[in-house]
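**Q** Build out the structure end to end from the sequences listed, making use of the hints.
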Amino acid sequence: MAFTDEQLERYSRHIILKEIGVKGQKKLNNGKVLIIGAGGLGAPAAMYLAAAGVGTIGIVDADAVDLSNLQRQIIHTTNDIGKLKVESAKETMNAINPDITVNTYHEFVTSENINDLIKDYDFIIDGTDNFPAKFLINDACVMAGKPFSHAGIIRFKGQLMTVVPGEGPCYRCVFKNPPPKDAVPTCKQAGVIGAMGGVIGSLQAMEAVKYITGVGELLVGYLLTYDALSMEFHKIKLPPRGKGCAVCSDTPSITELIDYEQAACEWHPGDKNA
Amino acid sequence: MSDLNIEIDEEVDITNVVCPVTFVKAKVALEELDDGQVLKIHLNDGEPVQNVPRSLKDEGHQILKLIDNEDGTYDLIVRKVEE
Numbered sequence: 001m002a003f004t005d006e007q008l009e010r011y012s013r014h015i016i017l018k019e020i021g022v023k024g025q026k027k028l029n030n031g032k033v034l035i036i037g038a039g040g041l042g043a044p045a046a047m048y049l050a051a052a053g054v055g056t057i058g059i060v061d062a063d064a065v066d067l068s069n070l071q072r073q074i075i076h077t078t079n080d081i082g083k084l085k086v087e088s089a090k091e092t093m094n095a096i097n098p099d100i101t102v103n104t105y106h107e108f109v110t111s112e113n114i115n116d117l118i119k120d121y122d123f124i125i126d127g128t129d130n131f132p133a134k135f136l137i138n139d140a141c142v143m144a145g146k147p148f149s150h151a152g153i154i155r156f157k158g159q160l161m162t163v164v165p166g167e168g169p170c171y172r173c174v175f176k177n178p179p180p181k182d183a184v185p186t187c188k189q190a191g192v193i194g195a196m197g198g199v200i201g202s203l204q205a206m207e208a209v210k211y212i213t214g215v216g217e218l219l220v221g222y223l224l225t226y227d228a229l230s231m232e233f234h235k236i237k238l239p240p241r242g243k244g245c246a247v248c249s250d251t252p253s254i255t256e257l258i259d260y261e262q263a264a265c266e267w268h269p270g271d272k273n274a
Numbered sequence: 001m002s003d004l005n006i007e008i009d010e011e012v013d014i015t016n017v018v019c020p021v022t023f024v025k026a027k028v029a030l031e032e033l034d035d036g037q038v039l040k041i042h043l044n045d046g047e048p049v050q051n052v053p054r055s056l057k058d059e060g061h062q063i064l065k066l067i068d069n070e071d072g073t074y075d076l077i078v079r080k081v082e083e
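In order, the protein sequences belong to chains A and B.
Going by our numbering, the residue at position 253 of the first sequence is 253; the numbering climbs one at a time, nothing skipped.
Going by our numbering, the residue at position 1 of the second sequence is 1; the numbering climbs one at a time, nothing skipped.
By construction, these hints were calculated from the structure, which means they are not laboratory data.
Among the hints, a few may not be true.
Computed beta-carbon distance windows for the label pairs [said to hold, decoys possible]:
no., chain 1, residue 1, chain 2, residue 2, range
1, B, Gln37, A, Asn94, 33 to 41 Å
2, B, Thr15, A, Leu70, 42 to 50 Å
3, A, Gln71, B, Lys65, 54 to 62 Å
4, A, Glu19, B, Asn69, 27 to 35 Å
5, B, Asn69, A, Ser230, 58 to 66 Å
6, A, Phe156, B, Gly72, 53 to 61 Å
7, A, Lys23, B, Ile63, 20 to 28 Å
8, B, Asp68, A, Ala195, 47 to 55 Å
9, B, Lys57, A, His234, 36 to 44 Å
10, A, Val174, B, Gln37, 48 to 56 Å
11, B, Gly46, A, Arg155, 48 to 56 Å
Cut-off 16 Å, straight-line C-alpha distance, at most; resulting in silico cross-link-like pairs (EDC-like, lysine to aspartate or glutamate) [said to hold, decoys possible]:
no., chain 1, residue 1, chain 2, residue 2
12, A, Lys23, B, Glu32
13, A, Lys26, B, Glu31
14, A, Lys26, B, Glu32
15, A, Lys23, B, Asp34
16, A, Lys23, B, Glu70
17, A, Lys18, B, Glu83
18, B, Lys57, A, Glu19
19, A, Lys23, B, Glu59
20, A, Lys23, B, Glu31
21, A, Lys237, A, Glu167
22, A, Lys18, B, Glu31
23, A, Lys23, B, Glu82
Heads up, the beta-carbon is just placed ideally off N, CA and C, and yes, glycines get one too.
**A** This is the structure:
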């Protein structure tokens, strides 16, 4: 497949890069990334990957756009309130780049559907906001051998790590098990500064781009943390993979996917009983 | 070009585009070639002739010759060097 003049112009700033070039751009155009969650993290990740020309992008989200989302979920606009997030996200992505295919999945990830969702994608971005989903994504990706980017944001802090199964520690190597229900506040309860999703979600998009093009070093074996108030990034080296990990060790104790219970914290201004 | 005894494998005309698509088109043409093959690039005076040879050199390719056609265009002869 040769690039048209229009594509050469669209991707010219990539093609000029020695590390990317025509070959790297073609890899991006043939790349397939699944983004789970079209929220604070998923919004900027989806927009940058669409703009980069990642040829197939899947978006999973069960929610509709709410006014309270718009302070950080920049893929949605005021006119999108009430629309399915996956539809709103798809419209923005195709407006940025009509070249790409956006697949939408209007559902929550569960132990029942996650294997089907991830199987056709090269790289997964965890843009979810809760521990049950994060552990489920980790376990499913480890079992299926799919690389993914984990991230979390709250208040003025963010963190991320990249997991390439077999090549470094997984999320469960580091965090073991979900915290007890309600022990940790969600960003609904605790708040989050809008640009935090931009910083961390963009780093996730960067990891996806690096994975697809094979350029540079991935954030495997490290946890990167960002504190906006003190303006500090820390790249923390993690212990090696596997030893005693319940899912990625050579003798795992977890061999089936688990649906952990969601924290019962959802207060919503629209709820009649709230 | 009578003084030039270099065999040209491929030619590309980038006089119809502006920076940075000039370099992009030159780069695309070079990527199609094998290591050691020679590309002739027809380019305009000014920004293209200032930037394209330097950018190709930065990527490790070998600039063999720059011929002034004295009509506001140049022919740049480059040998592809794979990393």
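**Q** Hint by hint, note whether the structure agrees.
**A** Verification of the hints:
no.: 1; hint: B:Gln37 x A:Asn94: 33 to 41 Å; in the structure: holds, 39 Å
no.: 2; hint: B:Thr15 x A:Leu70: 42 to 50 Å; in the structure: holds, 47 Å
no.: 3; hint: A:Gln71 x B:Lys65: 54 to 62 Å; in the structure: holds, 59 Å
no.: 4; hint: A:Glu19 x B:Asn69: 27 to 35 Å; in the structure: holds, 34 Å
no.: 5; hint: B:Asn69 x A:Ser230: 58 to 66 Å; in the structure: holds, 60 Å
no.: 6; hint: A:Phe156 x B:Gly72: 53 to 61 Å; in the structure: holds, 57 Å
no.: 7; hint: A:Lys23 x B:Ile63: 20 to 28 Å; in the structure: holds, 22 Å
no.: 8; hint: B:Asp68 x A:Ala195: 47 to 55 Å; in the structure: holds, 51 Å
no.: 9; hint: B:Lys57 x A:His234: 36 to 44 Å; in the structure: holds, 39 Å
no.: 10; hint: A:Val174 x B:Gln37: 48 to 56 Å; in the structure: holds, 50 Å
no.: 11; hint: B:Gly46 x A:Arg155: 48 to 56 Å; in the structure: holds, 52 Å
no.: 12; hint: A:Lys23 x B:Glu32; in the structure: holds, 10 Å
no.: 13; hint: A:Lys26 x B:Glu31; in the structure: holds, 12 Å
no.: 14; hint: A:Lys26 x B:Glu32; in the structure: holds, 13 Å
no.: 15; hint: A:Lys23 x B:Asp34; in the structure: holds, 14 Å
no.: 16; hint: A:Lys23 x B:Glu70; in the structure: violated, 35 Å
no.: 17; hint: A:Lys18 x B:Glu83; in the structure: holds, 11 Å
no.: 18; hint: B:Lys57 x A:Glu19; in the structure: holds, 15 Å
no.: 19; hint: A:Lys23 x B:Glu59; in the structure: holds, 14 Å
no.: 20; hint: A:Lys23 x B:Glu31; in the structure: holds, 8 Å
no.: 21; hint: A:Lys237 x A:Glu167; in the structure: holds, 14 Å
no.: 22; hint: A:Lys18 x B:Glu31; in the structure: holds, 12 Å
no.: 23; hint: A:Lys23 x B:Glu82; in the structure: holds, 13 Å
Of the hints listed earlier, the one the structure fails to meet is number 16.
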